[in-house]
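**Student:** Residue numbers (our numbering), protein chains in the order written: chain A, 1 to 427; chain B, 1 to 195.
All the pointers check out, no bait thrown in.
Covered stretches of chain B (in silico footprint by chain A; criterion: 3 or more residues with CB under 8 Å from a CB of chain A, positions within the stretch not fixed): (1) 121-128; (2) 133-147; (3) 151-159.
In case anyone wonders, no lab produced these hints; they're calculated from the structure. Glycine is no exception: its CB is placed at the ideal position from the N, C-alpha and C atoms.
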Amino acid sequence: MRAAVALGLLVLAAAPLRAQDPIDRGVRVGITYTAGTRPRLVLLPGAGLDSVRAILQRDLDFSDRFEVLPLESGSAASGSTVNYQLYRTLGAEYGVDVRSDAAGVVVRLHDIGSGTVRQQQPFPLPAQSAPGFRMAVHRVSDEVVRWVTGTPGVAATRLVVLMNKRAYRVDSDGADVTPITPASETVLSPTWSPDGRYVAYTRFLDGAGPIMLHDLATGRAQRVFGTESQLNFTPAFSPDGRSLAFARTDQQGGTDIYAVNVTDQCCLRRLTVGRFADNLSPTYAPDGRRIAFVSTRPGTPQIYAMSSDGTDQELLAPYDYGATGPSNAPEWSPDGASVAFHRDIDRAPQVFILEVGSRRFKQLTSSGRNSDPTWAPDGRHLAFVSDRSGRAQVWIIDTETGRIRQLSLTGEVRLPHWSRRFGAASP
Amino acid sequence: MKSRSLLVFALLAAAACGGKKPAETPAPAPAPAPIDSTAIKARMRQDSINAAEARARAAADAAARAAAQLQAQLSAEVSAMIHFDFDKADIKPEDQANLDRKAAILKANPGLSIQIAGNCDNRGSDEYNLALGNRRAAAAQRYLINQGVSASQITIVSYGEERPVNPANDEAAWAENRNDQFTPTAGGNNLMAPK
Chain A
1 MRAAVALGLL VLAAAPLRAQ DPIDRGVRVG ITYTAGTRPR LVLLPGAGLD
51 SVRAILQRDL DFSDRFEVLP LESGSAASGS TVNYQLYRTL GAEYGVDVRS
101 DAAGVVVRLH DIGSGTVRQQ QPFPLPAQSA PGFRMAVHRV SDEVVRWVTG
151 TPGVAATRLV VLMNKRAYRV DSDGADVTPI TPASETVLSP TWSPDGRYVA
201 YTRFLDGAGP IMLHDLATGR AQRVFGTESQ LNFTPAFSPD GRSLAFARTD
251 QQGGTDIYAV NVTDQCCLRR LTVGRFADNL SPTYAPDGRR IAFVSTRPGT
301 PQIYAMSSDG TDQELLAPYD YGATGPSNAP EWSPDGASVA FHRDIDRAPQ
351 VFILEVGSRR FKQLTSSGRN SDPTWAPDGR HLAFVSDRSG RAQVWIIDTE
401 TGRIRQLSLT GEVRLPHWSR RFGAASP
Chain B
1 MKSRSLLVFA LLAAAACGGK KPAETPAPAP APAPIDSTAI KARMRQDSIN
51 AAEARARAAA DAAARAAAQL QAQLSAEVSA MIHFDFDKAD IKPEDQANLD
101 RKAAILKANP GLSIQIAGNC DNRGSDEYNL ALGNRRAAAA QRYLINQGVS
151 ASQITIVSYG EERPVNPAND EAAWAENRND QFTPTAGGNN LMAPK
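Work out the full structure: start from the sequences and follow the hints.
**Tutor:** Spelled out as structure tokens, the structure:
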């Protein structure tokens, strides 16, 4: 487990940058995880509810906040009292106890050290065969994470990905892979609305590509105002869900960023004036006031930022002119402190995190091709595309511990985007 | 003497008539058909017409073949791809003759419109490649306009890395896939060769 953590969470001291000291040759400091940073947690055995426990066990492991102790079934009595002494000898600090009640389950968080119940709450659950069952269990898990850490987990989230030019949604644990767009269409750049109700994407046609707003509840897709002509791509919602920023090609060969009021389907405005450069891949800061984006104004694509009205443009991610590889696919972190993106090192893209305040980088990956990072709503997990297993798959890394897992999907996967947390209304 | 011979002949003939089957006599040769000079002239005329028509047909066939060949050649010249270096949108010197010929054909055929589609290999970023493809299409468009082609004859699109000519993943395939493709959208038939 410790070995899995040391896998190259590399920190690069990036400033000051000098031409003879390109950032990919910078100082690398390995961050080694020590077991103490993750409290040991055990899911207490009990009667029934096997599938609930299985989902919770995996969610709590995937949260990367705990070392989840494996427990052989029947290894402890499932009586009404908890054998704190037994779990203390296993080194467990927390025990999670799940029992049936009339409407669903009652979950208790035991503090093993003090032998007390720290928190308990009933959670209504739909029938196991109902479509909302897994998501409801994921929400239970996210709440347990909040009880311990103060921050909810991200199990009750989904990713949207492209497989063979079709958009799919998939739960954060890899379950329930469901197509969103029909097989007859080619789509690009799928992105969630902040409320999880819509996925916006480019419908890729001959010589044009409107952005479609796809209502997941009805399955109906509506063309976004202002995207009728030309190729419109890399849509991104503002955090309040009212604006959609996107890139649009023109007939002079340029690409520029526009924004439209997507709630009222009006008010198209242009945010960049490229002339001799392309501007694309906008991503809003969580306060909605800044937009990071890709611009080719230095020759190669690099990461810039501007106010959401297009003013006050500046270079965001430092680079060495003529030495640094192309940098693309920025995504602003949910806490606003960082921007993740990928940058080519020896012609292979690698995932970087830029700390916005200090302008320092962390290079997260170094083996294979790793691209298109997208943040989980907790601002600590990142999903990205990697070919390290031989074909392009989504991998999820915990930036705190360096733990990494593959979201196994059947096809070649690209352009993932992670949703925000889903409310109870989502199936 | 003469009358005696006639008599004998008459008797013999009488005997023949009255008795058994007379000996066969050769049928008189048919009179040669009267020479119809009008028909001969008509036939000769027809023959010469047929020959002339065959010659004309052959000539027309040859001309049609040549015209079709020319059309095919002009179409191929209009459609011939140009190629780009990695992450570049600059017209290469070896593609200038190709584009010069396109410009000449477009100027000789004001009714001809083309769409230029810019394409990329799959190594760059997926979404950046959409912008790069558009720039590649615009590079050829700009070159043609600088050669005097009317801007109204050209539209540009980008397919990014979405429509590779060669789906393989090696240097040769990547080089093939970094291209501009040229497709007539109107007036692509009966092209006039440039003077």
